[in-house]
Each structure stands twice: as structure tokens, then as C-alpha cells.
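S.K.: Produce the entire structure from the sequences given, and follow the hints as far as they go.
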Amino acid sequence: MRHSIILTVAATLGLAAATAAAQSPGDYIPVPITTSALMLDVVSPTTNPIWDKSYAPELTDADWDEVKKAASQLLTAATLVSLGGSDAAEKGWLDAPEWRQWSETMAATGMAALQAAEAQDQTALAAAGDSLVEDCMGCHVVFDPTAR
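In my numbering, the protein residues as written are 1 to 148.
If you're looking for bench data, these hints aren't it; they were derived computationally from the structure.
There's no promise every hint is true.
Stated by the list, open to error - Per label pair, the in silico range of CB-to-CB distance: (1) 97 - 61: 35 to 45 Å; (2) 104 - 27: 14 to 24 Å; (3) 37 - 58: 16 to 26 Å; (4) 56 - 89: 33 to 43 Å; (5) 144 - 61: 32 to 42 Å; (6) 97 - 134: 37 to 47 Å; (7) 88 - 147: 36 to 46 Å; (8) 40 - 98: 14 to 24 Å; (9) 121 - 88: 18 to 28 Å; (10) 56 - 134: 13 to 23 Å; (11) 62 - 97: 32 to 42 Å; (12) 141 - 94: 10 to 20 Å; (13) 98 - 62: 36 to 46 Å; (14) 130 - 98: 13 to 23 Å.
C-beta: ideal position from N, C-alpha, C; glycine also.
M.R.: What follows is the structure in C-alpha cells.
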């Protein structure tokens, strides 16, 4: 089961990345909301279980399942984030190589969290959570310094 989830997520991300790279923006369904809204409504709530469970005194099977779900959602959100938002400024971010790099970094961190949850390795989960803080802050410094 563990390997099938990881392979499914990796294959989905690989296919999405290859498809996006081969298509022009008019060839896919544009993200209909701003990146700010996507971050606040999707990414932020998704990161909370990863951070909260990283340093919990003890994790149950239900906790690990919650982390797996959150990590999968983070992986999916990273793909959406990489496509840019709906306003002109955010569409301009797509031309910056850093935008793609930060999106890929978020996906890699999501994969690390998923692998930690699959292995029920809280130390690895904490490392992924700590990395996620750095990923978020680094991207915000470049693209949205006013983000909370």
C-alpha cells in the first residue's frame, strides 16, 4: 500500500509536470483563484497537520492517516501553485525561474512528509515540517513579502 500511494503520487506529479511543460497556458484549465487565496484556503490548512503532528508526544494510526492525507493534498497543491494564479501579477511569476523552483521544493517537501507518514517516522516528519517552514518563508520573501 505504501509504495502504491507513493508511486501514484509521483506518477501523477510527473505526468502533470510533463503535461504542463508541453502545453501552453491556454491548453489547460487555468487556476480560477489567486495564488493568495489558494495558499490561504488550501495550502495553509494542509500544512497544519504536518506541523502539529511533527512534535506531538505520541501519534496514533489516525494521526498518521491525517498526515498522509495532508501530504497528498500538499503535493497536489504544489502542482496548482506552479501554474500561477488568476491575477496579472501572479501570472507574471510564471516567467521567474524561482517560481518553478519554489513549487518543486514544496512538492519535494510534501513527498518527504508523505514518506515519513508511510514509515511512521516522526523524526523524518519533523524534518519535513521544518523544511516546509523554510520553503514557505523563502518563497514569500521573493514573491509575497506581506504574506502572513
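S.K.: All the hints need checking, so say for each whether the structure fits it.
M.R.: Hints, one by one, checked against the model:
1. 97 - 61: 35 to 45 Å: Holds, at about 41 Å.
2. 104 - 27: 14 to 24 Å: With a Cβ separation near 21 Å, residue 104 and residue 27 satisfy 14 to 24 Å, so the hint holds.
3. 37 - 58: 16 to 26 Å: violated (35 Å)
4. 56 - 89: 33 to 43 Å: Once the Cβ atoms are compared, 38 Å apart, the range 33 to 43 Å for residue 89 and residue 56 holds.
5. 144 - 61: 32 to 42 Å: holds (37 Å)
6. 97 - 134: 37 to 47 Å: For residue 97 and residue 134 the Cβ distance comes to about 19 Å; the hint is violated.
7. 88 - 147: 36 to 46 Å: violated (18 Å)
8. 40 - 98: 14 to 24 Å: Holds, since residue 40 and residue 98 (Cβ atoms, about 21 Å apart) stay within the stated range.
9. 121 - 88: 18 to 28 Å: Violated, since residue 121 and residue 88 (Cβ atoms, about 43 Å apart) do not stay within the stated range.
10. 56 - 134: 13 to 23 Å: Between residue 56 and residue 134, where Cβ atoms are some 21 Å apart, the hint holds.
11. 62 - 97: 32 to 42 Å: The hint (32 to 42 Å, Cβ to Cβ) holds, given that residue 62 and residue 97 are roughly 40 Å apart.
12. 141 - 94: 10 to 20 Å: holds (18 Å)
13. 98 - 62: 36 to 46 Å: Given range 36 to 46 Å: holds, Cβ gap about 38 Å.
14. 130 - 98: 13 to 23 Å: holds (21 Å)
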